[in-house]
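Chain residues, written in single-letter form:
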Amino acid sequence: QQQVKQSPQSLIVQKGGISIINCAYENTAFDYFPWYQQFPGKGPALLIAIRPDVSEKKEGRFTISFNKSAKQFSLHIMDSQPGDSATYFCAASRGTGFQKLVFGTGTRLLVSP
Amino acid sequence: GAVVSQHPSWVICKSGTSVKIECRSLDFQATTMFWYRQFPKQSLMLMATSNEGSKATYEQGVEKDKFLINHASLTLSTLTVTSAHPEDSSFYICSAPGTNFFHEQFFGPGTRLTVL
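Protein sequence lines correspond, in order, to chains A and B. If you count the first sequence from 1, position 43 lands on 441 in this note's numbering, and the numbers rise without skipping. If you count the second sequence from 1, position 55 lands on 38 in this note's numbering, and the numbers rise without skipping.
Don't read these hints as lab results, they were simulated from the structure. From a predicted model like this one, the values you see are computed outputs, not experimental measurements. Where a beta carbon is used, it is the ideal one built from N, C-alpha and C, also for glycine. Among these hints, one or two may not hold up.
[Unchecked claim] Below 27 angstroms or equal to it, Euclidean Cα-Cα: the simulated DSSO-like pairs (lysine-lysine) are:
no., chain 1, residue 1, chain 2, residue 2
1, A, Lys413, B, Lys24
2, A, Lys469, B, Lys(-3)
3, A, Lys498, B, Lys47
4, B, Lys(-3), A, Lys440
5, A, Lys469, B, Lys24
6, B, Lys(-3), A, Lys498
7, A, Lys466, A, Lys403
8, A, Lys466, A, Lys440
9, B, Lys24, A, Lys498
10, A, Lys440, B, Lys24
11, B, Lys3, A, Lys440
12, B, Lys3, A, Lys498
13, B, Lys49, A, Lys440
14, B, Lys24, B, Lys(-3)
15, A, Lys455, A, Lys413
16, A, Lys403, B, Lys49
17, B, Lys24, B, Lys3
18, B, Lys47, A, Lys440
19, B, Lys49, B, Lys38
20, A, Lys413, A, Lys456
21, B, Lys24, B, Lys47
22, A, Lys498, A, Lys455
23, B, Lys3, B, Lys49
24, A, Lys440, A, Lys455
[Claimed, not checked] Pulled a few chain B residues facing chain A out of the computed Cβ check, cut under 7 angstroms:
no., residue
25, Leu27
26, Leu29
27, Glu87
28, Phe90
29, Pro92
30, Gly93
[As the list claims (entries may be wrong)] Cβ-to-Cβ under 7 angstroms is the rule here; a few derived chain B residues that face chain A:
no., residue
31, Ser26
32, Ile76
33, Gly91
Construct all of the structure, not just a fragment, from the sequences and the given hints.
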């Protein structure tokens, strides 16, 4: 019940296209859902996060869509750029950032020029 | 704001030696820090929660005597890998909750440990 399932494992998108990564969770106590971007040899960087009281959050080219009833959330990267090529992790936790994050398995995104 | 640093960024050591990794919150105080390890092309695995002034809380299956954690101040947590072996070679990453409204976790740049 602590797992967060993430798909796809890898994704290739053409420059300018939309990248979509999906995550699903079981634990209904989760109430904080961040997305992290990680480049090789670097630590994860927080991209965007959402709470279950809203169904969508947009920051620049990045949008989180949240479906509470389906226990699913997704990351959309609009106008994908080669610089977006990285590994993306979804995560979930109960409460604030002082709580443990449960990470998805990661999606390796490659944006072709 | 909310910058987390780690030192060293990479370390190579001989089997049987101990290695200390530092995690610092540079512009904020962190009463809690988290330590993760990450194997190549895999997700982050939480090892332990570091609490300032008290004992760390280890995740199931993590050897507390092998991975010693000390959170001696509000800006510094250290992870010591004792009697390191090649199977301990990994990418170790720390994180800390920031001071914004949701106390979102910010991660350090990671430390690459290679045990020969």
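Agreement of hint Phe90 of chain B with chain A interface, Cβ distance less than 7 angstroms: 4 angstroms, holds
Is the interface hint for Glu87 of chain B satisfied, with its Cβ closer than 7 angstroms to some Cβ of chain A? 5 angstroms, holds
Take the shortest C-beta to C-beta distance between Leu29 of chain B and chain A; is it under 7 angstroms? Cβ of Leu29 of chain B sits 6 angstroms from chain A, so the hint holds.
Given the hint that Lys403 of chain A pairs with Lys49 of chain B, does the C-alpha gap stay at or below 27 angstroms? Violated, at roughly 30 angstroms.
For the pair supplied as a hint, Lys47 of chain B and Lys440 of chain A, is the alpha-carbon distance within the 27 angstroms limit? Since the Cα atoms of Lys47 of chain B and Lys440 of chain A sit roughly 26 angstroms apart, the hinted pair holds (cutoff 27 angstroms).
Given the proposed pairing of Lys(-3) of chain B with Lys440 of chain A, does the C-alpha separation stay at or below 27 angstroms? Distance of about 24 angstroms is within 27 angstroms: holds.
Is Lys24 of chain B within 27 angstroms of Lys47 of chain B, Cα to Cα? 25 angstroms, holds
Within 27 angstroms, alpha carbon to alpha carbon, are Lys455 of chain A and Lys413 of chain A? Judged against 27 angstroms, a Cα distance of about 23 angstroms means the pair holds.
Check the hint pairing Lys466 of chain A with Lys403 of chain A against an upper bound of 27 angstroms on the C-alpha distance. 15 angstroms, holds
Lys440 of chain A paired with Lys24 of chain B [C-alpha distance capped at 27 angstroms]: 13 angstroms, holds
Using Cβ atoms only, decide whether Gly91 of chain B comes closer than 7 angstroms to chain A, and label the hint accordingly. With Cβ-Cβ at 5 angstroms, under 7 angstroms, it holds.
Do the alpha carbons of Lys440 of chain A and Lys455 of chain A lie within 27 angstroms of each other, as the hint requires? 26 angstroms, holds
Checked against the numbered hints listed earlier, the structure breaks hints 2, 6, 8, 16; every other hint is satisfied.
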